[in-house]
Amino acid sequence: MRYVFRTNYRQDLAAWRHRGDVFWYSLLLIVTLLIPMVMGEFYVGELGAVFIFAIAGVGLMLLVGYTGLISLGHAAFLGIGAYTNSVLLSKGVPFLITLPVAGLFTALCGAAIGRPTLRMSGLYLAIATLAFGSIVGTIFQKWTSVTGGFDGFPVPTPYVFGIPLDNATGIYYASLVVLIFVLWLSTNMLRTPVGRAMVAIRDSEISAQSMGIHLARYKTLAFAVSAGMTGLAGALFAHYVRYLAPDAFDVLLSVQFVTIVFVGGLGSIRGAILGALFVRLLPQFIAIIRDDLPFGIGRMPGLEPSLFGLILVLVILFQPGGIDGLWLKTKHWFQAYPLKRATGGRRQKSYARSERLR
Amino acid sequence: MEDAARLLQLVVNGAAAGCIYGLIALGFVLIYKATEMVNFAQGDIMMLGGFLAFSLIAHWGLNYWIGALLAILITAAFGYVLDAVVLRRVIGQPQFAVVMLTLGLGFIFRAGAGITWGYDSVGFETPFTNKTVNLGGLVLGQDNVSIIVGTVILCGVLFTFFSKTRLGVAMQAASQNQLAAYYMGIPVRNIFSMIWAISAGVAAVAGILLSPVSMIDVNMGFLGIKAFAAAVIGGFGSIPGSLIGGVIVGVVEQLAGYYLPAGFQEVTSNVVLLAMLILRPQGLFAERMGKRV
Chain A
1 MRYVFRTNYR QDLAAWRHRG DVFWYSLLLI VTLLIPMVMG EFYVGELGAV
51 FIFAIAGVGL MLLVGYTGLI SLGHAAFLGI GAYTNSVLLS KGVPFLITLP
101 VAGLFTALCG AAIGRPTLRM SGLYLAIATL AFGSIVGTIF QKWTSVTGGF
151 DGFPVPTPYV FGIPLDNATG IYYASLVVLI FVLWLSTNML RTPVGRAMVA
201 IRDSEISAQS MGIHLARYKT LAFAVSAGMT GLAGALFAHY VRYLAPDAFD
251 VLLSVQFVTI VFVGGLGSIR GAILGALFVR LLPQFIAIIR DDLPFGIGRM
301 PGLEPSLFGL ILVLVILFQP GGIDGLWLKT KHWFQAYPLK RATGGRRQKS
351 YARSERLR
Chain B
1 MEDAARLLQL VVNGAAAGCI YGLIALGFVL IYKATEMVNF AQGDIMMLGG
51 FLAFSLIAHW GLNYWIGALL AILITAAFGY VLDAVVLRRV IGQPQFAVVM
101 LTLGLGFIFR AGAGITWGYD SVGFETPFTN KTVNLGGLVL GQDNVSIIVG
151 TVILCGVLFT FFSKTRLGVA MQAASQNQLA AYYMGIPVRN IFSMIWAISA
201 GVAAVAGILL SPVSMIDVNM GFLGIKAFAA AVIGGFGSIP GSLIGGVIVG
251 VVEQLAGYYL PAGFQEVTSN VVLLAMLILR PQGLFAERMG KRV
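So the sequences go chain by chain: A and B.
Quick note: the first sequence uses my numbering, first residue 1, plus one each step.
Quick note: the second sequence uses my numbering, first residue 1, plus one each step.
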């Protein structure tokens, strides 16, 4: 068992906890770089989609897991990013410009919608973002001169330094690069005063405010960064699906994003990636076992959303730490093996915090 | 003259739809006031109530009134069990955990209803279907009138219950201050489950009243999203406010559908909701509360 013995305050702020982390994450990076050379086109494409969802998941994790705000409208931000990117591309702007522009524009939209709604408590924010997502979805459908409405919008092939990204491998590497950028940005953000302010807001708004944290500013910032990352994911998502349909960006997708965050484990960047893996690979798994399920459950329409609902309910009730928490518990059990305590992973007693009197 | 009649017709239709929103919003508000949880599955509970009534009335051939009453009672019992078994466990988790939990429950209910009753729209014969009532030259569908009358009666019953009966007063007390209610010997947990039962029952009433106007199908729970607008206009803590909010949303929606180009009707409730949250987040009928530090 490794104890990190802290001798210096700087160690609290360090990017890596110890050398072991550097080694394992470098190994993981090399493996992900090599995957397209050994795996088939289909699996590479699916992993690319996992990366895209992980980008959005990391963005939402900053908001839900670290700032304690909820959004049920992130599918709208994904859509805004996707349409911004595709419309600009079709006007002849190069991909290396449209991608950051899509992210920045979505971040601006996030700030614009965040500023007025973030005054509200968690519950109202959930409702407001739900309404926002539904309005944006309708705009995608009705603003036919730009989005093409239900006819769809064909996404042009992006070129990076003259190389077309028209196959799964190209999208895979593009998504990997953006994912690494997003991870770099978010881990570093969380080490700075900005990230600490966000965590303070999550833990108690009143005490954060009395420590001199400007609530509205940091909440809006968190919302904008989260939306911007989701916008980047949207730009890549457009290339993954290749044909944008307005009804892809509905409430169900928003719920999927939040499922990523909850199933992965709140308050852990690693959890966002684990959650994205889970949420993207579950439908594939269902597709494989579909015919073997008893009582014709496999042919039931609406199986996937209900399964997502069931998993969400079970995770919240029985495993609030998500996959990441499960992993930490297992690791702890093995590390402390003969000395494990029955109460080690048990939650401490918690009480409802009233939001009524603020 | 024709315009005025047309307008009145729209307003009545809107008010009828608004009463349904108001009833769902009433369920949100009852639960929110008591437990500070928001039940995103309220619309789906309404759907379950509607389907139950369909089974009892159309399949088993019960009389409309008996079938409706049974459906309401069963749904209320379901609400009680839901709180006692599931929701009670998440007290103390962050509020958005409850949001996601109830959203997940909504998906499960939808799938459960799909397995049990199928994914087609169904309807059943009610005493109000395809009949009209003539009010001073104004011809209105009895189905719409029945919704409005039913809502008014239900509100009267609830008002009497909360202000006159021992149990109702205990519920008010538990909603206002849990700790004080405990000290007075009120079984707060049980009371909260009963409040869940009442709000599930109200949702079932909404589902049954709605059935002559629109068919019952698995996705009717999405009406719940519109009911949020109603609850927010009412201030999310005021019972009459949620009903008035519902009627406002319903009428505005009908008028927008008639006077504005296509596509606006679907977003009206959401636009009203966002505008309300931005301009007056405390709602039209908020109770003023402050905190002494």
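Treat the hints with care, since some could be wrong.
[As the list claims (entries may be wrong)] Pairwise CB distance ranges, derived in the manner of DEER restraints: (1) G123/B with T144/A: 30 to 38 Å; (2) Q284/A with N219/B: 22 to 30 Å; (3) V85/B with R191/A: 27 to 35 Å; (4) Q335/A with S214/B: 55 to 63 Å; (5) N219/B with P164/A: 52 to 60 Å; (6) G118/B with Q284/A: 55 to 63 Å; (7) L179/B with H332/A: 44 to 52 Å; (8) N219/B with F5/A: 38 to 46 Å; (9) G212/A with V169/B: 41 to 49 Å; (10) V93/A with G123/B: 27 to 35 Å; (11) L281/A with A275/B: 38 to 46 Å; (12) V194/A with A77/B: 26 to 34 Å; (13) P240/B with T192/A: 47 to 55 Å.
To be clear, the hints were calculated from the coordinates, so they are not data collected in a lab.
Note that CB positions come from ideal geometry on N, CA and C, so glycine has one too.
Violations among the numbered hints: 3, 5, 6, 7, 8, 10, 12
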